[in-house]
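Trainee: In case you want the letters, here they are:
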Amino acid sequence: MRELTFSTATREALTEEMERDPAVFVMGEGIGERGGNWGTTVGLFERFGPMRLRDTPIVERGFTGLCTGAALVGGRPVVDFMFLDFLLDGMGEIINQTAKLQYMSNGRLTMPIVFRGCIGVGHSAATHHSGNYYPMLAHVPGLRVVVPSSPYDAKGLLKTAIRSNDPVFFLEHKSVLGVKGQVPDDEYLIPFGEAAVVREGRDATVVAIGWMVHQTLKSCDELAKDGVSIEVIDPRTISPLDTDTMLASVKKTGRLLIVDEDYGPCSVGAEIAAQVTAKGFDDLDAPIMRINGAFTPVPYAPPLEAAVVPNPTSIALAIRDLLAE
Amino acid sequence: MLSAPSTSLSTSELLSLYRKMVQIRRTEEQLARAHQSGAIPGACHTYVGEEAIATGVCANLRADDVIFSTHRGHGHALAKGVTPRAMMAELFGRVTGVSAGRGGSMHLFSPEVGLMGTSGVVGPSILLATGAAYTFKLLGTDRVSVAFFGDGAVNNGAFHEGVNMGAIWDLPVLYICENNQYATEVPFASVSKTTDVAERARAYGLPSYVVDGNDVLAVHAAAAEAVRRARAGEGPTFLECKTYRTRSHSEGMRDAGYRTAEEVEEWKNRSPITKLREYLISERLAPEEELARVEAEVEAEVDDARQFATSSPWPDPATVLDHVYSA
Chain Z
1 MRELTFSTAT
11 REALTEEMER
21 DPAVFVMGEG
31 IGERGGNWGT
41 TVGLFERFGP
51 MRLRDTPIVE
61 RGFTGLCTGA
71 ALVGGRPVVD
81 FMFLDFLLDG
91 MGEIINQTAK
101 LQYMSNGRLT
111 MPIVFRGCIG
121 VGHSAATHHS
131 GNYYPMLAHV
141 PGLRVVVPSS
151 PYDAKGLLKT
161 AIRSNDPVFF
171 LEHKSVLGVK
181 GQVPDDEYLI
191 PFGEAAVVRE
201 GRDATVVAIG
211 WMVHQTLKSC
221 DELAKDGVSI
231 EVIDPRTISP
241 LDTDTMLASV
251 KKTGRLLIVD
261 EDYGPCSVGA
271 EIAAQVTAKG
281 FDDLDAPIMR
291 INGAFTPVPY
301 APPLEAAVVP
311 NPTSIALAIR
321 DLLAE
Chain V
326 MLSAPSTSLS
336 TSELLSLYRK
346 MVQIRRTEEQ
356 LARAHQSGAI
366 PGACHTYVGE
376 EAIATGVCAN
386 LRADDVIFST
396 HRGHGHALAK
406 GVTPRAMMAE
416 LFGRVTGVSA
426 GRGGSMHLFS
436 PEVGLMGTSG
446 VVGPSILLAT
456 GAAYTFKLLG
466 TDRVSVAFFG
476 DGAVNNGAFH
486 EGVNMGAIWD
496 LPVLYICENN
506 QYATEVPFAS
516 VSKTTDVAER
526 ARAYGLPSYV
536 VDGNDVLAVH
546 AAAAEAVRRA
556 RAGEGPTFLE
566 CKTYRTRSHS
576 EGMRDAGYRT
586 AEEVEEWKNR
596 SPITKLREYL
606 ISERLAPEEE
616 LARVEAEVEA
626 EVDDARQFAT
636 SSPWPDPATV
646 LDHVYSA
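Chains as they are written, first to last, in this note's numbering: chain Z, 1 to 325; chain V, 326 to 652.
Since the hints were made in silico from the structure, they are not lab data.
Computed from a predicted structure; not experimentally measured.
Note that CB positions come from ideal geometry on N, CA and C, so glycine has one too.
Watch out, some of these pointers could steer you wrong.
[As the list claims (entries may be wrong)] Here are some chain V residues pointing at chain Z (derived, C-beta under 7 angstroms): (1) G482; (2) Y583; (3) Y650.
[Stated by the list, open to error] Simulated restraints on C-beta separations: (4) V:T466 x Z:E16: 18 to 28 angstroms; (5) V:A528 x Z:T15: 48 to 58 angstroms; (6) Z:D21 x V:G582: 48 to 58 angstroms; (7) V:S575 x Z:F281: 42 to 52 angstroms; (8) V:D647 x Z:P265: 30 to 40 angstroms; (9) V:V649 x Z:A307: 36 to 46 angstroms; (10) Z:Y188 x V:L464: 21 to 31 angstroms; (11) V:G465 x Z:H123: 53 to 63 angstroms; (12) Z:P50 x V:E437: 31 to 41 angstroms; (13) Z:I58 x V:V649: 27 to 37 angstroms.
Input sequences plus hints: build the corresponding full structure.
Mentor: Spelled out as structure tokens, the structure:
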């Protein structure tokens, strides 16, 4: 085991997969010699050259469609959007082509492609560099959506993503990039659709996504001082979504809160609440609660920005409300 | 405009081009009738009048080369090697169709013969073909990728982004613009200040030519050089094939208010099939009886395809969730 940052862990995963399979290549803006805006490809250009670390013009639609075509004939592209917000110019290609071609070809084509990009509110990135978007991606049949929160998960899930024959979105919250954690020396992969219980507890279950896992753990530490015991679940993949782990936890605690930085309407939390209600109604001692980012474009000024996302204080308040139900 | 050179093709190669164009025409005539009778539940955009382009291009390709097609893709599919049976069954929605009934006319897939899809969206074929070419170059193969698209695609971002990337990375791809002069029913002349698409493409730095798209020998010759360049690692080529669609944009649609009957008649008289037929006879390359025999064989093949499609079973609704994901 070593301690690595989230970023280093994903770079290690990418490097190993590029060494393992010559069909893996990366496309994006500034991911060549420069090594990527977030350091995603630092040091790789020298090892793998320009065909496999391909700097592109600023044409998100163009290289999204291009990489979709590349994946149809044996390439395994990793598309680096830098900020996931830029994906939106390529959304037509993703929904109409990338997500659908396996099905439309009756399974005779495969789509081994990874899209990665930074998501999330913070650092005064403002509204064109702060989106999350995973609910709308998870809404589309044919896509897989991964939102890791730790270096260990990031490495194991990125390797699974690159080896998958399905299109996978690998979404990295800006605030988790510098998070440190233990990562094994030996190779490992983490399958999709398996949530992680990141903290065990008995009084309530909190499902938290991405950076919110860390914010929730901070509130749990505070609540523990008052003897409150919270179980925290990180779904790790939004599609497929492991609700069995959540149901098992709710069976134990009887209460569920979903903490998600993204908007509430038609959200992952809404989906989890619907599924847990349908399958675990008799285990619930209180209504399922949600805490989400404010339903607004993301503002710039630090006090405004801080006001739109859940934080350890607001999460702790929500947990106390849930326990009072 | 590139014109047909004195051809170096053998008689059997010429007859093969003739047979393919007739096969496309006869199959689509059957499809049009089937659409009118209600046997085709969805849309059907015919390629009637444009057969020389798919035929002339695909005759230069190997089975492991790939093409990406459009909503008007029956000709491309047949030219690349899909059988009339498998294509017609798909339009009928049957399990024996190329996409087992999941796609219909605009989602024909047959990767076994290099047909990587017809499409319901205008433009993506350019990007997808460029991407396939990227993989071919990355993996060190000499395979070639082809994008077919109409004049309707060339004001779209996919055209400019895709052709530029193909050019800057010297990818083994052919950009085949089938300029039939109308984007659905909007005249190209009303949406472009320039007359020739090839002029736009040339600005991206790749060899770009205007070709008579109703002359299969001209298309074949231009595509032969483009494929040679691509295989040799010399990069992409752009061919603008001027042509005309003589039936309505889509079967059953009102075909009036945007072009004159005289214009349609004039282009019907420039049928690429008639042109090659007359050439073969006048040059004494094939006797009329030989051509009649080819036509009769194709007629029987297409009749059989219609029978096959009609008698094929529907797909099983229990399979509707299959293949959303690879595993």
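Trainee: State for each hint whether it applies.
Mentor: Do the hints match the structure? See the list:
At a threshold of 7 angstroms, the smallest CB-CB gap from V:G482 to chain Z is about 6 angstroms, leaving the interface hint in force. Because the smallest distance between the Cβ of V:Y583 and any Cβ of chain Z comes to about 27 angstroms, over 7 angstroms, the interface hint for this residue is violated. Of the supplied interface hints, the one on V:Y650 holds, with its beta-carbon coming within about 5 angstroms of a beta-carbon of chain Z, less than 7 angstroms. Restraint check, V:T466 to Z:E16: a C-beta distance of roughly 25 angstroms satisfies the suggested window 18 to 28 angstroms.
For the pair V:A528 and Z:T15, the beta carbons lie near 39 angstroms from each other, so the given range of 48 to 58 angstroms is not met. Taking 48 to 58 angstroms as the suggested C-beta distance range, the pair Z:D21 and V:G582 conforms, at roughly 55 angstroms. Range check, V:S575 to Z:F281: Cβ separation about 50 angstroms, and the 42 to 52 angstroms hint holds. For the pair V:D647 and Z:P265, the beta carbons lie near 32 angstroms from each other, so the given range of 30 to 40 angstroms is met.
A hinted range of 36 to 46 angstroms holds for the C-beta pair V:V649 and Z:A307, which are about 40 angstroms apart. In this structure, Z:Y188 and V:L464 meet the distance hint of 21 to 31 angstroms, their C-beta atoms being roughly 28 angstroms apart. At roughly 42 angstroms, the beta carbons of V:G465 and Z:H123 sit outside the given window of 53 to 63 angstroms. In this structure the hint that Z:P50 and V:E437 lie 31 to 41 angstroms apart at CB holds, the actual value being about 33 angstroms.
As the Cβ distance of Z:I58 to V:V649 is approximately 32 angstroms, the hint placing it in 27 to 37 angstroms holds.
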